[in-house]
Amino acid sequence: MKRRRRTEILILEHSGLAQNFAETIIENYPCQEIVAPKYGLTMIKMRESAKNSLFYMGEVLVTEAKVEINQCIGIGIVAGMQEELAKYLAIIDAAYKAQLLETEEWGSQLLEAEQQIRQEKAQQQAELFETKVDFETMDV
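No gaps in the numbering here: position 127 of the sequence shown is 126 in numbering that gives the first Met the number 0, and each next residue is one more.
Derived from the structure by calculation, the hints contain no laboratory data. Backbone N, C-alpha and C fix where the C-beta goes; we use that ideal spot for every residue, glycine too. Keep in mind that a hint or two might mislead.
Derived pair list, reagent style SDA-like, types lysine to any residue, alpha-carbon separation capped at 20 Å [unchecked claim]:
hint, residue 1, residue 2
1, K37, R4
2, K96, M0
3, K1, E104
4, K44, R4
Computed spacing ranges between beta-carbons, pair by pair [claimed, not checked]:
hint, residue 1, residue 2, range
5, E129, M80, 29 to 37 Å
6, F134, L40, 38 to 46 Å
7, R3, K50, 24 to 32 Å
8, N69, M45, 35 to 43 Å
Kindly produce the complete structure, drawing on both the sequences and the hints.
Rendered as structure tokens:
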């Protein structure tokens, strides 16, 4: 599983999977905090559809952390003020880069969480479509 997909799943799911993964690594390996979770601003890039050109839409507040495990550096960046999540993401990223044994077991849990996220999104969309107004059937 690619880093982007893995990170997106860990950010969107709400069962504490990132915390569980990170705590497993902390218990078994020495984790050195390189950069404590800190706030920053980053520019958001968007693609303008008419000219197909990139432009900067604005800034967003992010929380960033860096951790080292077995001489591998992991980075965690998340939108908003979420210090713990940024640290957990950094630990998980470093664990994958160090190819720790625990990471092999996480794939199935991540796929399960991704499926649950998709189901929740589908349910939310279904609820929105129930409130949709069909203007063609309205009489004046």
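Evaluated hints:
1. K37 / R4: violated (23 Å)
2. K96 / M0: Since the Cα atoms of K96 and M0 sit roughly 13 Å apart, the hinted pair holds (cutoff 20 Å).
3. K1 / E104: holds (15 Å)
4. K44 / R4: holds (19 Å)
5. E129 / M80: 29 to 37 Å: holds (34 Å)
6. F134 / L40: 38 to 46 Å: Since the Cβ atoms of F134 and L40 sit about 41 Å apart, the hinted range of 38 to 46 Å holds.
7. R3 / K50: 24 to 32 Å: holds (26 Å)
8. N69 / M45: 35 to 43 Å: Given range 35 to 43 Å: holds, Cβ gap about 38 Å.
Checked against the numbered hints above, the structure violates only hint 1.
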